[in-house]
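Protein chains: 2
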Amino acid sequence: MKIKFLWPGRTKSQELRLLQEDYLGRIGRLAACRLVETREARGIPERHRERILEVEAQGLEKHLTDDYIISLFDQGKEMASEEFVRFLEKNGSSARPLTFMAGGFLGLAERLIRRSPTLLSLSKMTYSHELARVVLLEQVYRALTTLKGKRYAK
Amino acid sequence: MKIKFLWPGRTKSQELRLLQEDYLGRIGRLAACRLVETREARGIPERHRERILEVEAQGLEKHLTDDYIISLFDQGKEMASEEFVRFLEKNGSSARPLTFMAGGFLGLAERLIRRSPTLLSLSKMTYSHELARVVLLEQVYRALTTLKGKRYAK
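Protein sequences, first through last, are from chains E and Y.
Take the first sequence: its letters are residues 6 to 159, numbered as in the working numbering.
Take the second sequence: its letters are residues 6 to 159, numbered as in the working numbering.
No wet-lab data here; the hints were simulated from the structure.
Be a bit skeptical, because a hint or two may be false.
[What the hints assert, rightly or not] Okay, the calculated bits of chain E under chain Y, using three or more residues with CB under 8 Å as the criterion:
no., region
1, 57 to 69
2, 75 to 85
3, 131 to 145
[Unchecked claim] In the SDA-like style, the derived pairs of lysine to any residue whose C-alpha atoms are separated by at most 20 Å in a straight line are:
no., chain 1, residue 1, chain 2, residue 2
4, Y, LYS129, E, GLU88
5, E, LYS129, Y, LYS17
6, Y, LYS129, E, GLU94
7, E, LYS82, Y, ASP79
8, E, LYS17, Y, SER86
9, Y, LYS129, E, ASP79
10, E, LYS129, Y, SER86
11, E, LYS82, Y, ALA85
12, E, LYS153, E, ASP79
13, E, LYS17, Y, ARG156
14, Y, LYS17, E, SER18
[What the hints assert, rightly or not] Cβ-to-Cβ under 10 Å is the rule here; a few derived chain Y residues that face chain E:
no., residue
15, GLU20
16, LEU21
17, LEU23
18, PHE89
19, ARG91
20, GLU94
21, ASN96
22, GLU115
23, PRO122
24, THR123
25, LEU124
Idealized CB from N, CA, C, for every residue including glycine.
Use the sequences and the hints to build the structure in full.
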């Protein structure tokens, strides 16, 4: 299974970045995995929402080829952990990379949402975009431990 | 508003503990808030599930008086962030403390679940119990910033 994580900008919270690195290391022991932190829109006032999303979409698109895209989206589908395991098993068996894409603090541009065959919501609650990254990584790690029959320290 | 967080044992992941402290500090600037880390069952083999839950339940119960209890429970109710804000507003206005209770890695004893007027599920997905604590704190902080009309850095 090839797994890619794609999001604009480096995670700024130091603690969340450490957790991110920890989960990436653990995932990397169970599957081919990489993280690409793409260009982040900087210095554009927040009221220019569309411009920020456009700059970040262009950065993300450079790293998408024939990937199977799963985008984090608050109106996406919620899956229970077991359902998420089956989803990874079903869609991660080909050579095509599974790419988890997450937006910056304004989310993802509309056309990236439309391009994603799977839209995943982690919760009915809204998480900060950096916390959402860590929750996503934990879920992917948890699912892989189940798939590989490993015990996951709760 | 008086908010209490109650769970057995100290959060072991250093990064999650730092995030926990950070959110507690931020929440404490918006409401009276404290965390009580109660007795954790130690040295009992995991197969003795009921004994572990019983030891931890007794520790938690010592800190419950007339509190309004909201327990984290995977079969509980999911709330969108806006709904959670309204919930806090409605239930946090009296002198009665709002107590968020979370279990250890095996969850909470049945009788604590039955005693809780509100059972809250953070997600359809299962989170590690330490990550769930941080997600809960982030949501409480987020809700308070909305109630207090502050801007929350996404």
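Hints versus structure:
1. 57 to 69: Check failed, 0 qualifying residues.
2. 75 to 85: holds (count 3)
3. 131 to 145: With 9 residues closer than 8 Å to chain Y, the region 131 to 145 of chain E meets the three-residue bar; holds.
4. LYS129/Y with GLU88/E: holds, 10 Å
5. LYS129/E with LYS17/Y: violated, 27 Å
6. LYS129/Y with GLU94/E: Between LYS129/Y and GLU94/E the Cα gap is close to 19 Å, so the pair holds against 20 Å.
7. LYS82/E with ASP79/Y: holds, 18 Å
8. LYS17/E with SER86/Y: violated, 23 Å
9. LYS129/Y with ASP79/E: holds, 13 Å
10. LYS129/E with SER86/Y: Roughly 7 Å between the alpha carbons, so the hint for LYS129/E and SER86/Y holds.
11. LYS82/E with ALA85/Y: holds, 14 Å
12. LYS153/E with ASP79/E: violated, 29 Å
13. LYS17/E with ARG156/Y: Holds - the C-alpha atoms of ARG156/Y and LYS17/E are around 18 Å apart, at most 20 Å.
14. LYS17/Y with SER18/E: holds, 19 Å
15. GLU20: For GLU20/Y, the interface hint holds, since the closest Cβ of chain E sits about 4 Å away, which is under 10 Å.
16. LEU21: With Cβ-Cβ at 7 Å, under 10 Å, it holds.
17. LEU23: Constraint on LEU23/Y satisfied, holds at 5 Å.
18. PHE89: holds, 7 Å
19. ARG91: Where the cut-off is 10 Å and the nearest Cβ of chain E is about 13 Å from ARG91/Y, the hint is violated.
20. GLU94: violated, 16 Å
21. ASN96: Check failed: Cβ of ASN96/Y comes no nearer than 17 Å to chain E, outside 10 Å.
22. GLU115: violated, 18 Å
23. PRO122: violated, 20 Å
24. THR123: Violated, about 15 Å.
25. LEU124: violated, 15 Å
Consistency with the previously given hints fails for numbers 1, 5, 8, 12, 19, 20, 21, 22, 23, 24 and 25, ordered from lowest to highest.
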